[in-house]
Amino acid sequence: MPARSQTASLVLKGSISAVLFALLGALVLVPMAMVVYAAFIDVLPFSGEGEAAWTLDNFRAVLSPEVGAAALNTLVVATGGTIVALAFGCTMAWLAARTDVPGKSLVHLAGVMPLFVSLLVAAVTWSLLGAGHSGYLNIIFRSLDVPLRIEIRSLAGIALVEGIYYAPYAYIILFGALTLVNPDLEEAAAVHGATLRQTLGIISFPLVRPALIGSALLIFVLIAEDFPVPQILGGPVGIETLSMRIYNMMTRIPSYPNQAGALSLMLTIAVWVLVYTQRRILAGADYRTVTGKGLRQRAIELGPWRWPATAFVVLYALVAVGLPMWALVQGALRANLFIPNAAAFFDLSQFSLRHVLDAAASTAVHDGFVNSLMAAAATSAFGCVFFFTLVYAVNRTDLPARQWLEYIAMVPLALPAIVLALGVLWTWVSLPLPVYGSLAILVIAFTTRFIPQGYRTISSAVIQIHDDLEHAALVAGASRWQTIKWVTLPLVRGGVVAAAFLLFVLSVREVAASLFLYTTKTRVLSIVLLESYESGLWSTVASISLLYTVMLVAITLVGLRWMRPAL
Amino acid sequence: MGHRKPSSRAIAAAVAAWLAIAVPAEAQLAVDGETVADAKTFEAAKKEGRLLAYGTYPGDMMKPILAAFESDTGIKAEYVRLPTQGMYQRVTAEFAAKKLEADYIDLTDLPLIQQLINRGILNVPHRVPAFEQIPAAIKDPQGRWYAVIRPVAVIAVNRSRVADADIPKSWKDLINPKWKGIVGTVSIDAGGSVLSLYSFLREKVDPDFWPKFAALTPRIYPTIAPLTTDIARGEIALGIGAIAEPIWLQMKAGAPVKVVFPSEGIAVFPAAGGISTTAKNPNAAALFLNWLTSKRGGNVIARGGAYPANPGSNRPHLEGLEYPSVDRVWNLQLAEWMAERESRMKLWRETFGVK
Chain A
5 MPARSQTASL VLKGSISAVL FALLGALVLV PMAMVVYAAF IDVLPFSGEG EAAWTLDNFR
65 AVLSPEVGAA ALNTLVVATG GTIVALAFGC TMAWLAARTD VPGKSLVHLA GVMPLFVSLL
125 VAAVTWSLLG AGHSGYLNII FRSLDVPLRI EIRSLAGIAL VEGIYYAPYA YIILFGALTL
185 VNPDLEEAAA VHGATLRQTL GIISFPLVRP ALIGSALLIF VLIAEDFPVP QILGGPVGIE
245 TLSMRIYNMM TRIPSYPNQA GALSLMLTIA VWVLVYTQRR ILAGADYRTV TGKGLRQRAI
305 ELGPWRWPAT AFVVLYALVA VGLPMWALVQ GALRANLFIP NAAAFFDLSQ FSLRHVLDAA
365 ASTAVHDGFV NSLMAAAATS AFGCVFFFTL VYAVNRTDLP ARQWLEYIAM VPLALPAIVL
425 ALGVLWTWVS LPLPVYGSLA ILVIAFTTRF IPQGYRTISS AVIQIHDDLE HAALVAGASR
485 WQTIKWVTLP LVRGGVVAAA FLLFVLSVRE VAASLFLYTT KTRVLSIVLL ESYESGLWST
545 VASISLLYTV MLVAITLVGL RWMRPAL
Chain B
10 MGHRKPSSRA IAAAVAAWLA IAVPAEAQLA VDGETVADAK TFEAAKKEGR LLAYGTYPGD
70 MMKPILAAFE SDTGIKAEYV RLPTQGMYQR VTAEFAAKKL EADYIDLTDL PLIQQLINRG
130 ILNVPHRVPA FEQIPAAIKD PQGRWYAVIR PVAVIAVNRS RVADADIPKS WKDLINPKWK
190 GIVGTVSIDA GGSVLSLYSF LREKVDPDFW PKFAALTPRI YPTIAPLTTD IARGEIALGI
250 GAIAEPIWLQ MKAGAPVKVV FPSEGIAVFP AAGGISTTAK NPNAAALFLN WLTSKRGGNV
310 IARGGAYPAN PGSNRPHLEG LEYPSVDRVW NLQLAEWMAE RESRMKLWRE TFGVK
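Those sequence lines, one after another, are chains A and B.
Letter 347 of the first sequence, counting from 1, is numbered 351 in this note's numbering, and no numbers are missing.
Letter 185 of the second sequence, counting from 1, is numbered 194 in this note's numbering, and no numbers are missing.
Hints are supplied without guarantee of correctness; some may be wrong.
[Claimed, not checked] Derived lysine-lysine pairs resembling BS3-like cross-links, with alpha carbons at most 30 angstroms apart:
1) A/K525 <-> B/K213
2) B/K189 <-> B/K213
3) B/K107 <-> A/K525
[Said to hold, decoys possible] Sample of chain B residues at the chain A side, in silico, Cβ under 8 angstroms:
4) M70
5) P73
6) V89
7) T93
8) Q98
9) T101
10) L121
11) A234
12) R242
13) G243
14) Q259
Bear in mind the hints are in silico, worked out from the structure with no lab data behind them.
Note that the Cβ used here is the ideal one computed from N, Cα and C, for glycine as well.
Could you put the whole structure together from the sequences, leaning on the hints where they help?
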């Protein structure tokens, strides 16, 4: 290569790298720096609370037995929840991607459906369904004289609910990965006499190990950081997790945002260790099975297992979506919350459409819908372009310091949403840009918050594509851009569309990140929902939730056909 | 034309007469004979035309209040609602960045209001027309804040789990082993409402109310909303610290719940508001404060089930509930709140085993 073009290429690489770092820096590192700063000073930053002095007291204060107990609870809930989520998500993904299970599109729908339910709503519905005395399920058991009572307000209950609603992460990531596993390898195993179980254990799952470990890590950290579920289910019975502790530090009076910053910082470091370990585990192995040799999708025949598999899917859909939706319908249509016995579930005189119609006609709900849709669409569009570029830069180029892009991208995972929201507020309120107070700041907060999810979803797909296809295109004279457009993107279309969908749904239901950033004109639906919840207007909460579930189902049905990679 | 042309002097006289009647009547704001704002303030407020309020009172309950204000004054009111601590953090951050646009701000925590004053964020002395009538306990002596809306913490009972004869009539009736394990309350960390209630119980009901009640191992809810829900559905039999209005809504919708105003009196907590130093519409904010503390504004607030600041306003009224008269209502005052908060919260946590 002549020297001049080499220099030009170096300059180009340098500037691409600089742009990516600058963007990630503005979105992630600056708010993070605000939180770090808060952790080491003795006054609330950027609030005019007087001169700040450096201190380590915030760290000393959080190293207490109570935080230890909260950490243990968090570990139990996150581990249990991750196991539940992987068990459901992986099984469903494998059934949908690789087998001839009947009603595949329904399996697919069941796999992603729990995502539609905001965790706030999920926690409240499960509290309605599974509270020890007045839970709907317990009322039914009592009416049927079944000597069984469940108590969802327990560590096991919290883990179960978290697991159910984080299973779609495992599903989406594993589905993308499994559709890309070369069936020739499985066929070879089968030809050599392996049973279905052996094939799965020796070929299929080891091949999707990056997706498996990646989703396990993502789910583990997200559950550890999740707030509404432990707060609503654990709060009334005295269970506390780290996320609850941080939230309480931020919202109680007097508040301790500096200590919250210190604890968040410690969590961030723990997550970095996890991400680093994950990279070490995956390093050195080659998971690329989609190569230039071509790939034909073939379904594994389940034979007699078809019907148990179908039963599993139906059961999962029932527990994850059916029961909560039934509770939501009861909540939206019933005049009041009290249910004396099982017969009352069918007592039509108790039902009315008033709350649903009121919610549908309310201007606050309308404006919330519009704002949520706009913010979610913008987050989804901007996020996909940005995250794909990031993933591509990390995995397909020799840009300087590209691994650091991935580490930075994982940072928001460890930042509890409410701390991140405060960091974003501190960052953008002081900048002389017309961002604060507009919908754009919500898009910024959402994008920052969901970088790890979006990045992981896309990277799981990219990792599996062998670069020989792209090399072939490059060697044949295609430019880098043409190669991306005609080779890479079509192959990872499933992953990118899944990420777009994920970002959209997550943005619509996000509460905590919006909390400090909305104004009267940019009130989003989740804020309307939270306000109704805090006012004790459960019928309104249920009605709004029903309305937006319907909307999300409609979007999914339209989007489903794009979720498969274009092979 | 056979008509005589009116002389220019007659026209001038007529105009003068018309002005004499019309100008004062149009310029000052009076509702039902009560002066809410003088001509100068009202004219200036109308010129501003809008109001941005940052408040802590739930949006659904604020809606009828803002609607009545708009129809009385023609000023369009926008409302941003956050819980107290979140509002405080947001207000201070916006102020530090010189981006605080709120005209009016309220919080449910008086020491935090005092901090806003100390920082010069809420430092506009304003004597509302009803200043003299409003008790000293619920206003700043210089008029920088007024406890404009005062919701009530009550006992709420689910009648499917409590026989009618057993329904408590007083706070002392709660100290009874039969409620062990089926009674709930809200954590003192939830904010001013619970601190006020428990201060009242200790000072006005029984100095040992806390340990006696804690011995019943009440279920402790992090906030008011889940306590309300659990009482309405009968997950617990009764609870203290619920707000009257959402329980009343359930009752009206047919749930077997009851609101009890105990015989010893009740504790209220303040949504205390004032004019922001950086207000873009300071006259609209002054008008809003005048209106909230007026008899007329107080009547609108009372219709939502909370006590207003103006003692001449109606007693709160929700159909089927008999609210105590305003002299049975207890407020935690600023000085005590500032002095005792920390030690009291610590003691509460120890007594109730909450860390």
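We went through each hint and held it up to the structure:
Distance restraint check for A/K525 and B/K213: the Cα-Cα separation of roughly 45 angstroms exceeds the 30 angstroms cut-off, and the hinted pair is therefore not satisfied. For the suggested pair B/K189 and B/K213, the alpha carbons sit about 23 angstroms apart, so the restraint of at most 30 angstroms is met. Of the supplied pair hints, the one linking B/K107 and A/K525 holds, its CA atoms being roughly 20 angstroms apart against a limit of 30 angstroms. The interface hint given for B/M70 holds, since its Cβ lies 7 angstroms from the closest Cβ of chain A, which is under the 8 angstroms cut-off.
About 13 angstroms separates the beta-carbon of B/P73 from the nearest beta-carbon of chain A, more than 8 angstroms, and the hint is not met. Given the 8 angstroms rule on beta carbons, the hint for B/V89 holds: about 6 angstroms separates it from the nearest Cβ of chain A. Proximity of B/T93 to chain A holds as hinted, the smallest CB-CB distance being about 6 angstroms (cut-off 8 angstroms). The criterion of a C-beta within 8 angstroms of any C-beta in chain A is met by B/Q98, whose closest approach is roughly 7 angstroms, and the hint holds.
At about 4 angstroms, the closest approach between the beta carbon of B/T101 and any beta carbon in chain A falls short of 8 angstroms, and the interface hint on this residue holds. Among the interface hints, the one on B/L121 holds; its C-beta lies about 7 angstroms from the nearest C-beta in chain A, closer than the 8 angstroms criterion. Evaluation of the B/A234 hint against chain A yields a held restraint, the C-beta minimum of about 5 angstroms falling below 8 angstroms. At its closest, the beta carbon of B/R242 sits 4 angstroms from a beta carbon of chain A; the interface hint therefore holds under the 8 angstroms criterion.
The interface hint given for B/G243 holds, since its Cβ lies 5 angstroms from the closest Cβ of chain A, which is under the 8 angstroms cut-off. The closest approach between the C-beta of B/Q259 and any C-beta of chain A is roughly 5 angstroms, which is under the 8 angstroms cut-off, so the hint is satisfied.
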